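Throw the hints in and build the complete structure from the sequences for me.
Protein chains in written order, with my numbering: chain D, 1 to 437; chain Y, 1001 to 1437.
To be clear, the hints were calculated from the coordinates, so they are not data collected in a lab. On a predicted model such as this, the values are computed, not experimentally measured, just so you know. The C-beta atom is built at its ideal place from N, Cα and C for all residues, glycine as well.
The list that follows gives simulated cross-link-like pairs (lysine-lysine, DSSO-like), each with its CA atoms no further than 30 Å apart:
1. D:Lys152 to Y:Lys1011
2. D:Lys203 to Y:Lys1016
3. Y:Lys1136 to D:Lys203
4. Y:Lys1294 to Y:Lys1310
5. Y:Lys1152 to D:Lys96
6. D:Lys255 to D:Lys265
7. Y:Lys1203 to D:Lys265
8. D:Lys16 to Y:Lys1152
9. Y:Lys1203 to D:Lys415
10. D:Lys262 to Y:Lys1152
11. Y:Lys1236 to D:Lys10
12. Y:Lys1265 to Y:Lys1011
13. Y:Lys1108 to D:Lys203
14. Y:Lys1255 to D:Lys152
15. Y:Lys1152 to D:Lys255
16. Y:Lys1381 to D:Lys96
17. Y:Lys1007 to D:Lys152
18. Y:Lys1415 to D:Lys152
19. D:Lys203 to Y:Lys1075
20. D:Lys375 to D:Lys203
21. D:Lys288 to D:Lys345
22. D:Lys415 to D:Lys310
23. Y:Lys1415 to Y:Lys1310
24. Y:Lys1203 to D:Lys96
25. D:Lys203 to Y:Lys1010
26. D:Lys152 to Y:Lys1265
27. D:Lys10 to D:Lys255
28. Y:Lys1096 to D:Lys152
29. D:Lys255 to Y:Lys1136
30. D:Lys7 to Y:Lys1236
31. Y:Lys1297 to Y:Lys1310
Distance windows between CB atoms, simulated:
32. D:Glu263 to Y:Glu1073: 48 to 58 Å
33. Y:His1239 to D:Asn82: 29 to 39 Å
34. Y:Ala1171 to D:Lys292: 54 to 64 Å
Protein chains: 2
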Amino acid sequence: MERTYIKDIKKNTGQKILLSGFVQTLRKQGGIAFLILRDVTGTVQTVIIKSNTDAFATIQDLSLESVVTLVGESKENSQAPNGIEVLVETVEVLSKAEPELPIPVDEKGESETNLDTRLDWRYLDLRKERNALIFKVWTLMDQVFVDTMTDKGFIQIHSPKLMNTASESGAEVFEVNYFDRKAYLSQSPQFYKQMAMAAGFEKVFEIGPVFRADPSFTSRHATEFTGYDLEVSFIKDHHEVMDIEESIIVAITSKVNAVYGKEIKAVFNREVPIPTSPFPRITFAEVKEILKGKGIKSEKPADLTGDEEKGISQYVLEKYGHEFVFITDYPIEGRPFYHMRYADKPDTTMSFDLLWNGLEVTTGAQREHRYDILKNQATEKGLTDATIGDYLNFFRYGCPPHGGLGAGPSRFIMKMLGIDNIREATYLYRGVKRLTP
Amino acid sequence: MERTYIKDIKKNTGQKILLSGFVQTLRKQGGIAFLILRDVTGTVQTVIIKSNTDAFATIQDLSLESVVTLVGESKENSQAPNGIEVLVETVEVLSKAEPELPIPVDEKGESETNLDTRLDWRYLDLRKERNALIFKVWTLMDQVFVDTMTDKGFIQIHSPKLMNTASESGAEVFEVNYFDRKAYLSQSPQFYKQMAMAAGFEKVFEIGPVFRADPSFTSRHATEFTGYDLEVSFIKDHHEVMDIEESIIVAITSKVNAVYGKEIKAVFNREVPIPTSPFPRITFAEVKEILKGKGIKSEKPADLTGDEEKGISQYVLEKYGHEFVFITDYPIEGRPFYHMRYADKPDTTMSFDLLWNGLEVTTGAQREHRYDILKNQATEKGLTDATIGDYLNFFRYGCPPHGGLGAGPSRFIMKMLGIDNIREATYLYRGVKRLTP
Chain D
1 MERTYIKDIK KNTGQKILLS GFVQTLRKQG GIAFLILRDV TGTVQTVIIK
51 SNTDAFATIQ DLSLESVVTL VGESKENSQA PNGIEVLVET VEVLSKAEPE
101 LPIPVDEKGE SETNLDTRLD WRYLDLRKER NALIFKVWTL MDQVFVDTMT
151 DKGFIQIHSP KLMNTASESG AEVFEVNYFD RKAYLSQSPQ FYKQMAMAAG
201 FEKVFEIGPV FRADPSFTSR HATEFTGYDL EVSFIKDHHE VMDIEESIIV
251 AITSKVNAVY GKEIKAVFNR EVPIPTSPFP RITFAEVKEI LKGKGIKSEK
301 PADLTGDEEK GISQYVLEKY GHEFVFITDY PIEGRPFYHM RYADKPDTTM
351 SFDLLWNGLE VTTGAQREHR YDILKNQATE KGLTDATIGD YLNFFRYGCP
401 PHGGLGAGPS RFIMKMLGID NIREATYLYR GVKRLTP
Chain Y
1001 MERTYIKDIK KNTGQKILLS GFVQTLRKQG GIAFLILRDV TGTVQTVIIK
1051 SNTDAFATIQ DLSLESVVTL VGESKENSQA PNGIEVLVET VEVLSKAEPE
1101 LPIPVDEKGE SETNLDTRLD WRYLDLRKER NALIFKVWTL MDQVFVDTMT
1151 DKGFIQIHSP KLMNTASESG AEVFEVNYFD RKAYLSQSPQ FYKQMAMAAG
1201 FEKVFEIGPV FRADPSFTSR HATEFTGYDL EVSFIKDHHE VMDIEESIIV
1251 AITSKVNAVY GKEIKAVFNR EVPIPTSPFP RITFAEVKEI LKGKGIKSEK
1301 PADLTGDEEK GISQYVLEKY GHEFVFITDY PIEGRPFYHM RYADKPDTTM
1351 SFDLLWNGLE VTTGAQREHR YDILKNQATE KGLTDATIGD YLNFFRYGCP
1401 PHGGLGAGPS RFIMKMLGID NIREATYLYR GVKRLTP
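See the structure below:
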């Protein structure tokens, strides 16, 4: 007998169906038992009556969250949740749960359980509709990203995560014992996606893990997370890269809204915004001026603090009704050596960050592709041939002008759904103190 | 002026166009110069005449593989390659290559250069049409995989690559210095995709890097490579997993054939096969019998050698005209502890490998989801709670029956295009002696 998903029961009213899933609740009232069954598509009330002796006996000592297969008849019942219930004929227990659950597996229990304990029992935590929905949305977001990029003619690369030298600055990099030597975990595909430009691939993207030995414990950092990266040749300037990102974000939010908008509204009480293009773009210098006018003190001359990012996003939301803002043209002190600088403003980079409701979700720039200038800029930042010689080589035998960006899809998810902590927007969070499960 | 891709020039005959790309060849004959320009879509002959003094002066000392932008008029010319050439008006040099290339950047030079030197200069090696095509095909394969899985309702996970303990056996695992302790690089998403089954995700897939501290130097191994993984709940047996893989491979080969079939034929002299379903399925025991009959000696009682894999593939190709064969039901000695065993044949696992023209491209199985049995099987293989306790926990509070597979897309590419060495089917190969560039 073919399995029916719970979401499809209504189409099969009055028929005998086979369901499989987890026992969410089990309530006995004299000669009748109500079992709420949950699969990946939803929940349904099922009914086992005492006269069905085998089935009734089976569920007597059935623990919550056990996995069962039920066969029964689906019936309309206006008293049941969603107006439908299943009168059970047979019950087969596929996997019996231990009787005492370490954390509650229901939405109500969510707020009562400490996040760290929830992460210890992540697989139980992910059984909640709310948490599974996060990864359904993420799956759709990935697909839209892959389809958008591939359809635009981008080549997908899978760049190595094991490197001979620390990728960018040498700071916050994990060291690996690699046979008789050391290797380092990639902090971003930056160098290798630029290599693809030197290879003439012209447009590339990558979805992959990035590693940061960042000893911070904030709600928006992790030591390992998924990155979306892209790089494009023959651009005029960094604004072209921003144009591409706008089209990606519009595609993602539109599709997520169309497919999961209702569920997201019901579960997260959040309307997924489909932003209008172009997004507001404000230079770093202007941002500092605006914040000064609002009484927010500048603490870092070449960067923005979290408070400043929130402040400027608040300003943009009020002034333009827009959740997104590109901050452009950062001072060179706050940017890596490979960001291109304006010919007529050598202390300013052709760079940008994208903020979404106060959170930085992307960093991008036009890159310096001219070998001599790039080498000078590297030297100026204290980098030598010994560490970045292989990278500098990419620019010796012809390299098109190019630019690109690195974005954090877990932060997209946070902002799209209104989740405060990156630990919840990550399948399995990794931090200074967390390498398990 | 908008840029025209070289593949689109024919649509713009007689018009003034702007082209950008690499200088592939440059031949001067008295008052006329022929420059073959290459972009990611192809090559075209361009002509610079002496009376165009600025342009002619610019190209005098232009080194091969420099990057230029040309403006000129496209014209039909039956003598030119593809019947079209561009009469150049202006030349702008965007990036000048050093004059002596370390390796030749043409197909002819391919066979003359040692592979190791080519990998040292991988970005120049990738400029060849043949090598760029590999990654265009790979991009399409990735997209088909993502679309097929997502459209079937699979959830994409991004499981962590940093783990607290060595993932499966403790052998061939890379150790990472993780703040004040050790972490290990994931050898496969095995445990975490099974966790998704315990989380009730039911169907998941992942594309991501896997790491193997494998000290071998063969043409089919790497220390880091991309994996395709999937896992499915509520299966009847491992044959259901094979059915899914067949549908994926048919989808990939069909799409690759439709989009790149002609190019692959021209460049690799290979017809991409679209295999018929079902693929032949032969048990391990039968394979040993067949090989015995062919005089191929069994060297490993619980596994197949490379020669045996080639032998059985040859047999299947001759007998069924099929490039693929599933070998099923391996003895328990050759399989990990988490493979389910037949109730009535406790020394045989419900497992399979997929061979494509003699190369193992996938390993899969139904998994043991019953906690007590799983724990016994782990103990039998010498594994303890200390190393796999977190994993065993996944099975304590209800876990559906499930199975899945791990496949190597770089090996798919090798077999699809007829490439002998995994180093060429990988964007940047990583091996015992290679961490650069």
